[in-house]
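Chains as they are written, first to last, in this note's numbering: chain U, 1 to 122; chain P, 1 to 122; chain V, 1 to 378; chain H, 1 to 378.
Think of the hints as simulated: they come from the structure by calculation, not from any bench. Beta carbons: idealized from backbone N, C-alpha and C, even for Gly. Incorrect hints may appear among the rest.
Result set (DSSO-like, lysine-lysine): computed pairs, CA atoms no more than 27 Å apart in a straight line [to be verified]:
| id | chain 1 | residue 1 | chain 2 | residue 2 |
| --- | --- | --- | --- | --- |
| 1 | H | 211 | P | 112 |
| 2 | U | 100 | H | 377 |
| 3 | U | 111 | V | 375 |
Which chain V residues face chain H? A few, computed with CB under 7 Å, are given here [what the hints assert, rightly or not]:
| id | residue |
| --- | --- |
| 4 | 17 |
| 5 | 89 |
| 6 | 127 |
| 7 | 150 |
| 8 | 193 |
| 9 | 216 |
| 10 | 229 |
| 11 | 251 |
| 12 | 309 |
| 13 | 311 |
| 14 | 347 |
| 15 | 350 |
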Amino acid sequence: MYSEKVMDHFRNPRNQGKLEDADGVGTAGNPICGDVMRFYIKVRNGKIIKTGWETFGCAAAIATSSALSEMITGKSLEEARKVTREAIAEYLGGLPPIKKHCTSLALEALKKAIKNYEEAGK
Amino acid sequence: MYSEKVMDHFRNPRNQGKLEDADGVGTAGNPICGDVMRFYIKVRNGKIIKTGWETFGCAAAIATSSALSEMITGKSLEEARKVTREAIAEYLGGLPPIKKHCTSLALEALKKAIKNYEEAGK
Amino acid sequence: MIYLDHAATTPVRKEVLEAVTEAFEIFGNPSSLHAAGTKAREAVEESRETLARALRCSPEEVVFTSGGTEANNLALKGLPERGHVLVSSIEHPSVLEPAGSLEKLGFEVERIPVDRFGLVDPERVAEMIRKDTVLVSVMHANNEIGTVQPVREIGKVCRDSGVLLHVDAVQTFGKIEVDPKRMNADLVSVSSHKIYGPKGVGALFVREGVKLKPLLSGGGQERGLRSGTENVQGIVGFAKAAELAVAEMETESRRLERLRDRLISGLSEIPDSFLNGHPKKRLPNNAHFCFRFIEGESAVLMLSEEGIMVSTASACSSRKLEPSHVLRAIGLRREEAHGSVRYTLGLGNTKEQVEKAIEATERVVEKLREISPFKGKW
Amino acid sequence: MIYLDHAATTPVRKEVLEAVTEAFEIFGNPSSLHAAGTKAREAVEESRETLARALRCSPEEVVFTSGGTEANNLALKGLPERGHVLVSSIEHPSVLEPAGSLEKLGFEVERIPVDRFGLVDPERVAEMIRKDTVLVSVMHANNEIGTVQPVREIGKVCRDSGVLLHVDAVQTFGKIEVDPKRMNADLVSVSSHKIYGPKGVGALFVREGVKLKPLLSGGGQERGLRSGTENVQGIVGFAKAAELAVAEMETESRRLERLRDRLISGLSEIPDSFLNGHPKKRLPNNAHFCFRFIEGESAVLMLSEEGIMVSTASACSSRKLEPSHVLRAIGLRREEAHGSVRYTLGLGNTKEQVEKAIEATERVVEKLREISPFKGKW
Ligand SMILES: Cc1ncc(COP(=O)(O)O)c(C=O)c1O
Ligand SMILES: Cc1ncc(COP(=O)(O)O)c(C=O)c1O
C-alpha cells in the first residue's frame, strides 16, 4: 500500500515534536475526521531554521508531516509557501489516492504556522 | 449417479435382443424424446417363458428393460401385469428421480406386448 | 510473526491442506457422467454431508457458495417477494450493501438499533416487525467488536411472526455453537477461510421449504440455487476445516477465552483505553480496544513493524476513511472510533504471544501519543 | 484412463499445483494493512498483472470472479441501464439464464440465430441491432460443438453501432488468441478450471470506461465490482495457468489440431455418424459427433466403462432430459441430437489414446445399435 519512503518517514519521523520556542504554530484538521496536524516553525531572517510537528492520524499523515518538515527546514518562507501537494507526494515516492488529502492538510497547517508567525511579528 | 445394480444391468443386459418367434410385441416411447423400448414375449399356458427387448435410450432405460425382462420371465401374464414402477426401481436398487419415467415406459411396452399377444390369440 | 487477525482470515491448517491437495487429484467435473465426474460428484456430496453434520442440518439444506459475501448476498437478494426487511445496524457490509440494493428494487429496509455493547434487543425486533416484513437479518457475532447476539430469542420472535431469519454466522461457526434449527434461523451464512479452510468457498444454509431465487444462474448446480462448476477442492477443504473446527470447538474456545481475557486485562492497563463490545457476551477470540489520542491505522502499521498483525475495524473497510459504522452504532465518538484496534486470536497463538502483543501495544500507543498533538485530552 | 472431456474441466497441472501450494502460505487477507495482508495483496495484484498480460489488457480491466458462470452473470446482470439485448441462440446456460432474468427486469432480449454450423452472421447482428440495444453477447467458441465465431467482425459491428459486446471466451482462452481489444469486446469472460487451473476462480475483462453494477456487494473488493475476500490461492493458480496456457498456445494447439483431425477422420468412418459444428472454424481440441440410432448418455457410460471419459453435450446439462439447445439451434432432429458425443482433447492426450478412443467408440456404438430397436433407419 505505502511506498518504502512513506514507511521510512513513518518509522523514523524527522523533526518530530513540539518546539517550545516556536515563532509560529498552525493546526489543521479535526480529530472527528481522523487527522490533525500541528506545525511549529522557528524563523530567522525570513528562513525556517527549525521545524517541529505533532500529528494525530494514519501512517500517511505522519509520513507527510515528517516529509514536509524536512522539505522546508532551511528554506525561506517564500520557498516554503511554494511547496505543492504534488511535491510532497513525489518526495514520498507516491501516496495512495485515498491518502492524498494528507498533503493538503500538512500544507494548511504549515501555512497557518507561517501566518501565525507573520501576524505575531506585526 | 446410478446404483451398482443399474450399472450391472447396463453392462450385462439380460434377455437382450429381438425374439424372432415372439407371441407378442409392444413398443413405447419416441426417439424424439430420447427413449424407445420394444418388448417381445413368448407365452405358453399363460406364462411368459421367454422375453426379449430392444431399447434406444440412456443407461437407465437399458437397465430398466433388462431388469423388467428378468422380473417377468417365468411369470404368468397376470403377475407380469402387476409389476409396478416402484418394484422395478427397487429391483434396481433405486433410480435417480429424473430417470423414474423409464419404468413407466418399460411397463407400457410390456403391457402393449401382452395386449398384442392377447389380441393375436382372439 | 504473531498473527492476531483471525477475524480477517486464517491460515489453512495442515489437515485441510492435505485434504485439498488430495482433492486436486479428483479433477472431474461433478456434472460429467463418466467415472471421473462421478468421483468429483461423490467428493462434493460427501463434503456436503460433513458440513451438514457440522451445522446439524440435512445435506439438502447446504448450498455451497464462493464465500461468506456470496452467501449473504444470496440470502438477501434471493428473496422472492418484495416486502419489509429488518437488518441490524452493525451487519457486515455484505449484508448492508445488498440491503441497499433491495431498497432500489422496491423493498423497504429498516435498521435495528443496538445498545452500547452492540446488542440487538429481541423485544425491539418484535416491535419493529410489521405485517409485510419478509426477512430479519441479524449476525450471530459481530466481526469487529465481537458481540454475540441472542439469536435464539430473535429467532423465536421471527418464528412467532412467521418472518424469515437470516443469521450471518461467518464469525461464530467453529467458535461457538451454530445450530440453525435451535436458532430458529432459516438462512445461515458461513465461510471457509475464517476457520482454517481455503479462501473462495462458503455456504448458505437454506432451511427446507424456504424459497430463494438464485443469484448466479446457468448450469443449474446446487439444485438450481447456485450455478457454476463446483469448486471441488475448495468444498472438500471447507468441509474438512468445518469438521475439525466443530470437533475441537469446546476445548479450543476455552483456551482462546483464557488468552483473550489475559489480553483484555493487559490492554486495559494502558491509560486512556477501553474495551468495545460486550464484556461477557463476546467471541472467545476477540478483544477490541480504543486507544484515545491515536489513530488506529498507524497503530496497526507500527504493530506490524513489531511483528504483530492486528486490524483496525474490519479488514475490508481498512482502506476507507470513514470510521466504522459498527463503532458509530454503539455510540462511540468519531475521534475515538478512529483509534480502534482489533485483536483476534486463533489456533497458533500462545500465552507468550499474548504477552508480547500487550507489551508491543503499550510501546506503540506511547510512541504514537508522543507524536500526537492531543495529550490526555481532545 | 483416457480423459477426453477437457471442455468440461481439466486436471490442475503440476506447475499450477506448486503455485497454489506456495500461495497457501500467503495467508493474510489482502485488505488487511499489516505485513501479512500486504503480502496477500501483492500476490493478488501480481496475478492480476499476469492475467492482464495474457489478455493483453491493463490490470485495472481484470475483475476476478468465482468462475466463468459468475463472470457471465456479472456481464449481463451488471448492465446499469435497461434496453434491448441480443444473445446468440447457442450461448452457455450461464448467459442464457441471466438473459432470462433481464427480461423479467424489463429488458427486451432477442436471440441471434446461427447457421447449421453454429455460426453467427455479423451482418445479421448488424440488422438486429436497434437504437435501444445495450449489449450483444456472443461466445467466442461453443462449448458443445466447438464452432469459433467471427468475433472480430461482430465486434466491429457492435463498435460501429456503439453497442457493448460481451464475449464468453471460457472455451477459447489459452487455446486460440483471446485479445479483447482486437475483438472490439467490452466484456470478456474466462475461467480457470478449463485451462488446468483450480476450480472456483475466473475473471471478467471489463474495458476501461465500461460501467457495471456489482452482483456481489459488500467489502468493496475488486474496485467495488466484486466484493468478497479474494480467493488468493485460486487467483495465483489461475494466473499461473493462464500464463502457461498462453505461452504454450501455439505449439500445443497445433498438436491438438492434429490429434483432433485424426479423431474426426477415425470417427467419421463409423457408419451413420456425422460431425457437428464447423469443419474448419472449430476449437483445436473439439470433435463432436452424432451417432444415429443410439443415445448419447449410454454411449458415454459405456465408454467410461472402457476407460474413455467423454461427454454428451455440455457437462452441466448432462443430467437433463432435453436435447441440447445448441444442437437444436443448428437444426438437428431431436432423435439425432440425443445421440451426440463430445470429445475434447487436452495436454495429456496422445496419438495412441486417440486411436484407442476411436476403437472403443466403434465397439460401443456397435453394441448399442445391437440393443437399439432402430437398425439403419428411424
Ligand atoms: C461477519 C462477516 N460476514 C461476512 C464476511 C464475508 O465473508 P467472505 O470473506 O468469505 O466473503 C465476513 C468476513 O469478511 C464477516 O466477518
Ligand atoms: C462456454 C462456457 N461458458 C461458461 C462456462 C461456465 O464456467 P464455470 O464452470 O467456470 O462456471 C462454461 C463451462 O462450464 C463454458 O463452457
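Verification of the hints:
1. Proposed proximity of residue 211/H and residue 112/P is contradicted: the alpha carbons are some 62 Å apart, above 27 Å.
2. Of the supplied pair hints, the one linking residue 100/U and residue 377/H is violated, its CA atoms being roughly 77 Å apart against a limit of 27 Å.
3. Note on residue 111/U and residue 375/V: the hinted pairing holds, with a Cα-Cα distance of about 24 Å set against a maximum of 27 Å.
4. At about 6 Å, the closest approach between the beta carbon of residue 17/V and any beta carbon in chain H falls short of 7 Å, and the interface hint on this residue holds.
5. Among the interface hints, the one on residue 89/V is violated; its C-beta lies about 16 Å from the nearest C-beta in chain H, farther than the 7 Å criterion.
6. Taken as an interface hint, residue 127/V does not check out: its beta carbon lies about 28 Å from the nearest beta carbon of chain H, beyond 7 Å.
7. Hint on residue 150/V is violated. Least Cβ distance to chain H is approximately 25 Å, over the 7 Å limit.
8. With a cut of 7 Å, the hint placing residue 193/V at the interface with chain H holds, because the nearest CB-to-CB distance is about 6 Å.
9. For residue 216/V, the suggested interface contact is upheld, since its CB lies about 5 Å from the closest CB of chain H, less than 7 Å.
10. Here the hint on residue 229/V is kept, as its CB sits about 6 Å from the closest CB of chain H, short of 7 Å.
11. For residue 251/V, the interface hint is violated, since its Cβ never comes within 7 Å of a Cβ in chain H; the closest pair sits about 23 Å apart.
12. The interface hint given for residue 309/V is met, as the beta carbon of that residue sits about 4 Å from the closest beta carbon of chain H, less than 7 Å.
13. With 7 Å as the threshold, the beta carbon of residue 311/V comes within range of chain H, its nearest partner Cβ sitting at about 6 Å, so the hint holds.
14. Here the hint on residue 347/V is broken, as its CB sits about 12 Å from the closest CB of chain H, past 7 Å.
15. A distance limit of 7 Å between C-beta atoms decides the matter here; for residue 350/V the minimum to chain H is near 18 Å, and the interface restraint is violated.
In terms of the numbered hints stated before, the structure departs from hints 1, 2, 5, 6, 7, 11, 14, 15, listed from lowest to highest.
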